[in-house]
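Protein chains in written order, with our numbering: chain A, 2 to 221; chain B, 88 to 222.
Calculated directly from the structure, the hints in this document are not laboratory data.
Note that the structure is a prediction, hence the values are computed from the model and not measured.
Don't be surprised by glycine CBs; every beta carbon is placed ideally from N, CA and C.
You may find that some hints are simply not true.
Covered stretches of chain A, going by a simulated chain B footprint (3 or more residues, C-beta under 8 Å) [stated by the list, open to error]:
{"no.": "1", "region": "67-80"}
{"no.": "2", "region": "117-124"}
In silico DSSO-like pairs for lysine-lysine, Cα to Cα no more than 27 Å straight-line [unchecked claim]:
{"no.": "3", "chain 1": "A", "residue 1": "K32", "chain 2": "A", "residue 2": "K88"}
{"no.": "4", "chain 1": "A", "residue 1": "K183", "chain 2": "A", "residue 2": "K195"}
{"no.": "5", "chain 1": "B", "residue 1": "K174", "chain 2": "A", "residue 2": "K88"}
{"no.": "6", "chain 1": "A", "residue 1": "K167", "chain 2": "A", "residue 2": "K195"}
{"no.": "7", "chain 1": "A", "residue 1": "K111", "chain 2": "B", "residue 2": "K146"}
{"no.": "8", "chain 1": "A", "residue 1": "K111", "chain 2": "A", "residue 2": "K88"}
{"no.": "9", "chain 1": "A", "residue 1": "K110", "chain 2": "B", "residue 2": "K146"}
{"no.": "10", "chain 1": "A", "residue 1": "K32", "chain 2": "A", "residue 2": "K18"}
{"no.": "11", "chain 1": "A", "residue 1": "K18", "chain 2": "A", "residue 2": "K88"}
{"no.": "12", "chain 1": "B", "residue 1": "K146", "chain 2": "B", "residue 2": "K89"}
{"no.": "13", "chain 1": "A", "residue 1": "K88", "chain 2": "A", "residue 2": "K110"}
{"no.": "14", "chain 1": "B", "residue 1": "K146", "chain 2": "B", "residue 2": "K174"}
{"no.": "15", "chain 1": "B", "residue 1": "K216", "chain 2": "B", "residue 2": "K89"}
{"no.": "16", "chain 1": "B", "residue 1": "K174", "chain 2": "A", "residue 2": "K110"}
{"no.": "17", "chain 1": "B", "residue 1": "K174", "chain 2": "A", "residue 2": "K111"}
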Amino acid sequence: MYIVIVGAGRVGYYLTKALLDEGHEVLALEKNNRVCETVNEELGSVCVRGDGCETMTLDSVGAGRADMLVAVTGDDEDNLVACQVAKYRFNVPRTVARVRNPQREPLFKKLGVDVTVSTTNIILEVIQQEVPTHAITHLLSMRDRGLELIDIRITPGTPTIGRMFKDLPVPKEARLALIIGKEGQPRLPDPTAKIELGDQIIALTTPEQEQAVRSALRGS
Amino acid sequence: MKITIMGCGRVGAMLAGLLDADGHTITVLDTDAYAFRRLPATFGGTALIGSGTDEEALKRAGIQEADIFIALTQGDNRNILAVQLAKHVFNVPRVICRIYDPLRQEVYNTLGIECFSPTTIIARLMQEKIEGQEA
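Taking the hints into account, I'd like the entire structure generated from these sequences.
This is the structure we're talking about:
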């Protein structure tokens with residue numbers, strides 16, 4: 002695959018390196034001459050100096066035959082424009098943009114960016130998983146299907162401890178997938194299985210029903 | 088008409104003054120309060136500190152009721168993001184965008200964004216002046 006990367010800062014550098022290792026044809030565009038030279042010294046001639054938002058620059062690196070363009074500069078605006086120019090001018094089939102402000106993800110999608118990666122949200126989710134008392138964690142977001150995989154923990158004092166799953170008002174849009182007990186032993190959420198202290202319940206749900214699932218399982 | 092202008096530089100401030108004098112309701116947005124010094128003393132509109140790429144700032148500027156949104160900051164990409172936000176999220180009926188880069192302006196023109204490039208306009212104007220004198 003031929004992949005064009007816009008922005009060869011820290012994210013761009015490691016992405017270029019990883020994609021090269023996987024055997025792809027990769028070309029990085031970087032405005033800053035010094036950054037560009039460093040990348041070329043370390044990874045071989047893969048970085049071209051230029052503005053990835055400019056039609057001329059993209060044309061000169063053969064964006065017309067690119068399978069994918071990934072914009073990972075530190076500026077949301079630049080990433081959006083690079084993706085839009087690639088998509089609408091060069092018909093690049095797949096565009097990916099890094100988004101710093103998570104609020105902008107829906108707008109970017111609407112404007113022709115195929116995939117948005119919100120670094121802020123990713124960092125938040127990872128930190129949430131490390132907070133042991135946090136009752137609900139997002140494990141995976143399957144946005145193209147409108148589903149989320151979440152993890153609900155049964156902490157001390159949860160009113161539903163000892164109750165059977167069939168007696169809890171879990172919304173029908175949600176599906177309980179697995180229970181992981183305190184000692185790490187997995188159980189299936191059969192209707193007659195009981196909630197125990199320290200359980201970790203993995204569920205698949207629509208984002209709208211997320212809070213309802215949580216309330217049903219934790220009784221709060 | 089209700090008009091929101093993003094960027095209170097020389098062009099933004101002058102346009103705000105002209106439209107205000109014609110009786111339109113103007114709101115000017117800039118991230119730097121010092122920029123508002125350029126507004127004429129007679130300016131009767133609203134000047135607000137905030138970025139036109141920030142949804143909250145746009146709401147405070149009354150974007151939901153605006154008839155026209157004009158982006159006139161120095162950053163092409165910032166202008167492009169702001170007008171698309173105004174058009175697609177806040178459904179502003181008409182958006183106008185300044186894009187210095189002529190090639191980028193062409194791309195967004197074909198995408199249905201009303202935009203103009205001062206680079207092209209001034210270069211053509213100069214050309215006409217010079218070649219007009221020769222003839």
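Right, here's what the structure says about each hint:
Taking a C-beta to C-beta cut-off of 8 Å, the region 67-80 of chain A contributes 4 residues in contact with chain B, enough for the three needed, and the coverage statement holds. Given a C-beta distance limit of less than 8 Å, the hint that chain B covers the region 117-124 of chain A is violated, as 0 residues qualify and 3 are needed. With a C-alpha separation of about 21 Å, the suggested pairing of A/K32 with A/K88 holds against the 27 Å cut-off. Between A/K183 and A/K195 the alpha-carbon distance is near 13 Å, which keeps this suggested pair within the 27 Å criterion.
Under the criterion of a C-alpha separation no larger than 27 Å, the hint pairing B/K174 with A/K88 is consistent with the structure, at around 19 Å. About 9 Å separates the Cα atoms of A/K167 and A/K195, which keeps this hinted pair within 27 Å; it holds. Taking the CA atoms of A/K111 and B/K146, the gap is about 20 Å. The hint holds against a cut of 27 Å. Distance restraint check for A/K111 and A/K88: the Cα-Cα separation of roughly 13 Å lies within the 27 Å cut-off, and the hinted pair is therefore satisfied.
At most 27 Å may separate the alpha-carbon atoms for a hinted pair to count; A/K110 and B/K146 meet this at roughly 21 Å. Restraint check for A/K32 and A/K18: satisfied, since their Cα atoms lie roughly 18 Å apart, inside the 27 Å limit. Straight-line distance between C-alpha atoms of A/K18 and A/K88 comes to about 24 Å, which keeps the hinted pair within the 27 Å bound. At most 27 Å may separate the alpha-carbon atoms for a hinted pair to count; B/K146 and B/K89 meet this at roughly 14 Å.
Proximity of A/K88 to A/K110 is assessed by CA-CA distance (about 12 Å); at most 27 Å being required, the pair is judged to hold. With a C-alpha separation of about 13 Å, the suggested pairing of B/K146 with B/K174 holds against the 27 Å cut-off. Annotation: proposed proximity of B/K216 to B/K89 is violated, straight-line Cα distance about 36 Å (limit 27 Å). The straight-line distance between the Cα atoms of B/K174 and A/K110 is roughly 15 Å, inside the 27 Å bound, and the hint therefore holds.
A threshold of 27 Å between alpha carbons decides the hint, and for B/K174 with A/K111 the separation of about 12 Å falls inside it, so the pair holds.
Figure legend: structure checked against the earlier numbered hints; hints not met, in rising order: 2, 15.
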